[in-house]
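Trainee: Work the whole structure out from these sequences, hints included.
Next come the chains, spelled out residue by residue.
2 protein chains.
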Amino acid sequence: MKESGRKHGALSPCAACKLLRRRCAEDCVFAPYFPPDEPHKFASVHKVFGASNVNKMLQELPEHQRRDAVSSMVYEANARVRDPVYGCVGAISSLQQQIHSLQTQLAAAQAEVVHMRMRQFSSSSNAGGAMDMAVDQANMGESLWSC
Amino acid sequence: MKESGRKHGALSPCAACKLLRRRCAEDCVFAPYFPPDEPHKFASVHKVFGASNVNKMLQELPEHQRRDAVSSMVYEANARVRDPVYGCVGAISSLQQQIHSLQTQLAAAQAEVVHMRMRQFSSSSNAGGAMDMAVDQANMGESLWSC
Numbered sequence: 001m002k003e004s005g006r007k008h009g010a011l012s013p014c015a016a017c018k019l020l021r022r023r024c025a026e027d028c029v030f031a032p033y034f035p036p037d038e039p040h041k042f043a044s045v046h047k048v049f050g051a052s053n054v055n056k057m058l059q060e061l062p063e064h065q066r067r068d069a070v071s072s073m074v075y076e077a078n079a080r081v082r083d084p085v086y087g088c089v090g091a092i093s094s095l096q097q098q099i100h101s102l103q104t105q106l107a108a109a110q111a112e113v114v115h116m117r118m119r120q121f122s123s124s125s126n127a128g129g130a131m132d133m134a135v136d137q138a139n140m141g142e143s144l145w146s147c
Numbered sequence: 001m002k003e004s005g006r007k008h009g010a011l012s013p014c015a016a017c018k019l020l021r022r023r024c025a026e027d028c029v030f031a032p033y034f035p036p037d038e039p040h041k042f043a044s045v046h047k048v049f050g051a052s053n054v055n056k057m058l059q060e061l062p063e064h065q066r067r068d069a070v071s072s073m074v075y076e077a078n079a080r081v082r083d084p085v086y087g088c089v090g091a092i093s094s095l096q097q098q099i100h101s102l103q104t105q106l107a108a109a110q111a112e113v114v115h116m117r118m119r120q121f122s123s124s125s126n127a128g129g130a131m132d133m134a135v136d137q138a139n140m141g142e143s144l145w146s147c
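Chains as they are written, first to last, in the UniProt record's numbering: chain S, 1 to 147; chain X, 1 to 147.
Derived by calculation from the structure, the hints in this document are not laboratory data.
Values in this document were obtained by computation on a predicted structure and should not be read as measured data.
Backbone N, C-alpha and C define an ideal beta-carbon position, used for all residues, glycine too.
The reader is advised that the hints may include incorrect statements.
[Claimed, not checked] Calculated cross-link-like contacts (lysine-lysine; reagent style PhoX-like; alpha-carbon spacing at most 20 Å):
1) S:47 <-> S:18
2) X:56 <-> S:47
3) S:47 <-> X:47
[To be verified] Computed far set for chain X versus chain S, every beta-carbon distance over 12 Å:
4) 17
5) 28
6) 37
Mentor: This is the structure:
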């Protein structure tokens, strides 16, 4: 979808041009992504990346990728404004810790499943006929190796 | 730890001042974090955030937080250079997907543990004396609720 169209008419400059106090041209690179009713979006990316860098980064991308690029830059800029030391790298670090914790819990749960299967198997071998039903119910080998 | 000290002597400008072709002053804000032998670090943050923004962000932080801030900015800038559309937000999205997948696997493994405990309990009730040993081995209630 071509995104160079202006939604807000020639009389209403985009949020970027308004902040930069410049004329908002018909082909303004910011206008499709920074509407005048969302001034905070441009304010954040301007503070963190600078208008000139945002302009350059958008110009270097094909139009169909610019909306995603703006969204990710706004996300990154907001994270940096909230946390000037770690920005969104703080979120990455916290997600990595969460993954590590989940992997540990998953390994423990899977080990417990294996352990219980082994015990069930061993109990059924010892108990003989009385245990057949239990082993059958447990459906050995079907879900054990699917973990 | 005070980090204003220069490691590379007055004759060797830091990587930032070298790239910006300016005199590297004794109290240069970039010098402690952008040594001349790592020029790519400053090149990335300069391309993505702009030297003036990096300078401003560092000045707004106490000295003991600046090294972490530089590391996170270098990480973020490298991610944006590698992936100009999503930058490190791409990594966040991928980590979130990984967490979702691990949570699903963990829920399945924990459900299997609960299910096996229930079957074990039910089998032991049906099989009577012959099953006592198995129930005892399974150590009901100890690890089931710790998942």
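Trainee: Any hints from earlier that this structure breaks? Give me their numbers in increasing order, please.
Mentor: none
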